[in-house]
Amino acid sequence: MTTITHRAPRAPRPTGAGTSRLDPFRATVLTKASLGLAIFLSIFPIYWMIVIATRTNEDAHSMPPPLLPAGNLGENIRAVFEAENAHFMTGIINSIIIACTVTIGIVIISTLAGFAFASLTFRGRNLLLLSVVLTMMVPLQQMGIVPLYQMMVTLGWTNTLKAVILPFLVNGFGVFLMTQYTRQAVPRELVEAARVDGASTLRIWWNVAVPAVRPGMAVLAIQTFMLIWNEFLWPLIVLTPDNPTVQVALRALNDRYSTNYVLIFAGTTVSIIPLLLVFVFFGRQIIGGLMEGAVKE
Amino acid sequence: MSLSVDAGSRTRTVPPGPRRHARPPGGRRFWSWLDLRATPYLFVSPYFILFAIFGVFPLIFTAWVSLHDWQLAGDKTFIGMENYTELLADDKFWNSVLNTVGIFVIATVPQLLLALLLANALNKKLRGRLVLRLSVLAPLITSVVAVAVVFTQLYGRDYGLVNWVLGAFGVDPIHWQNEKWSSWIAIATMIDWRWTGYNAIIYLAAMQTIPKDLYEAAAIDGASPRRQFWGITVPLLKPTIIFTVIVSTIGGFTLFAEPVMFGAGLMTGGTTGQFQTVAMFIVKEGFRDFQYGYAAAAAWILFLLIMITALINFAIVRGIGRSR
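Protein chains in written order, with UniProt numbering: chain A, 1 to 297; chain B, 1 to 324.
These are calculated hints, taken from the structure and not from any lab test.
Think of the CB as a built atom: it goes at the ideal place given N, C-alpha and C, for glycine as much as any other residue.
Heads up, none of these hints are tricks.
Now the in silico label distances, taken between C-beta atoms and shown as ranges: (1) I49(B) x T90(A): 28 to 34 Å; (2) L166(B) x F40(A): 14 to 20 Å; (3) N85(A) x Q208(B): 48 to 54 Å; (4) R284(A) x F30(B): 45 to 51 Å; (5) R284(A) x I49(B): 32 to 38 Å; (6) D242(A) x L236(B): 49 to 55 Å; (7) K125(B) x R284(A): 15 to 21 Å; (8) R284(A) x K92(B): 43 to 49 Å; (9) L214(B) x R123(A): 39 to 45 Å; (10) E82(A) x K238(B): 49 to 55 Å; (11) I185(B) x I96(A): 33 to 39 Å; (12) D91(B) x I96(A): 42 to 48 Å; (13) L236(B) x N85(A): 52 to 58 Å.
The calculated lysine to any residue pairs, modelled on SDA-like cross-linking and capped at a C-alpha distance of 25 Å, are: (14) K76(B) x M151(A); (15) K125(B) x D23(A); (16) K180(B) x D255(A); (17) K212(B) x E292(A); (18) K125(B) x R226(B); (19) K32(A) x K125(B); (20) K76(B) x L155(A); (21) K212(B) x L236(B); (22) K76(B) x V153(A); (23) K124(B) x G222(B); (24) K212(B) x M291(A); (25) K212(B) x I287(A); (26) K32(A) x A219(B); (27) K92(B) x N178(B); (28) K125(B) x G288(A); (29) K124(B) x I43(A); (30) K162(A) x F256(B); (31) K162(A) x F54(B); (32) K125(B) x G36(A); (33) K125(B) x L30(A); (34) K162(A) x F290(B); (35) K92(B) x D69(B); (36) K32(A) x L113(B); (37) K32(A) x T209(B); (38) K212(B) x L30(A); (39) K32(A) x R227(B); (40) K76(B) x A63(B).
Start from the sequences, fold in the hints, and give me the full structure.
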């Protein structure tokens, strides 16, 4: 029954001789084939990485290379955590602490500033917002890396997590995103009404704005977490090899065991697990957030 | 999404109302005046304070450092523009600029073209759209380091999958790290693999805002899908395309992790620097050779290069906005 009612409206189109050719959104065989190829190319390196992580080194060095998984994953992962001088476990813990702290920090900072820019009036607002947008175009962390490092040396913060976390909190994109989101999700009348009722600005932010922009906060949180988890240059410089992030630990693993493919691949496999989980659980939000953000730009 | 938003805000705003009104307004006037005036600044201040400390200050200080012969131990002598003149005559620096721009071009042009085509394909009537989009985005979950590790193995001379596939067509094994062209291609594919899907999703979002009847009218007039794509889709996507060009420019000019990992974790970028980028040059000078002043000067020149490119892009964006 359901299948019939489901198909009924669709059926006439493909069979109607002329219309199907004219339909600009019809997927041709060529479209489907090239999409299939694109998806294969997207997925294959990840798949192959996991395959090698489940193999032995003899397999990895064989020609043609193996394409199906075997049973050595657990053993290889254990070797990663036991690998000397890689400090993989420390790396994972550090990365979790850094990524979570930065994510929470950026979401709070951006939601506060976004609310002020979108819903409050104050002198210099447009100028300040413009400066945020302009600095989005400048990769500040990479430009100022030398003095930033010296600053950390002077403060005695090198090799501490706060030296990694604090500079990452500067994120113009987050402020811009939350400004856009608040504009659309929090009607100004609502803010005015709450003010007439005698609510303070902080109260309005907490009770009116925050509940309304929660989906935007979620999108920002997901994107920030993914970004910070993958950061490489700054942690590499400011942390020492025995106190790394997961990316820096991966590099150490790669340097020291360059011929031990299965070990390195097991390491990369472990390193993507958190983002894989984010992707599986929040895939819809990631796509939605990206697509919404793109249209607003 | 919007439904839950409305429900949330309405239920939250009602309670404070009556209770607040009951209070005498007397001394509160000053506080509410202060609240109205000062709180907005308080709200934006966390961002701007952090921005001043970790964004603006290092940038200005970089300029100061770049005017000195500044060593690790803190020995510094003011030498004016000497770092800059030395840098502009340094073949190794220009080599790194050439590598950066070269990799940027051979990575970005095919990437954005492929992303456009991919977005167009994703915009067709297809089943399982979410799964399709997620699979295209899947490379984003891998870190740059992981990508570089996997691709470096794929491009391995002796056991690499790429050479094996090429070997099936009779091509001799290529040592991808050895030559400029081959290392550029290898690094460019790492960038493209990671970002093509992302850009395709951005384009797809913009494509979906194009009214469908435009296409239907064109189809009735006999325009082929290919002509519709180049005649309707691409022109209307221009602002989005420029946005992605700007983002790719910044990413491309600061390219670091891929070439570092491709070259066994070293900052030299191959035996003769065939894939050393400017970011690697800066880190090598500053943090391996401890020539802070020299590295800072290189950072400023890189900054200027990015600013010029960004300004050109910005002008194009504005130009397009006006002509509409």
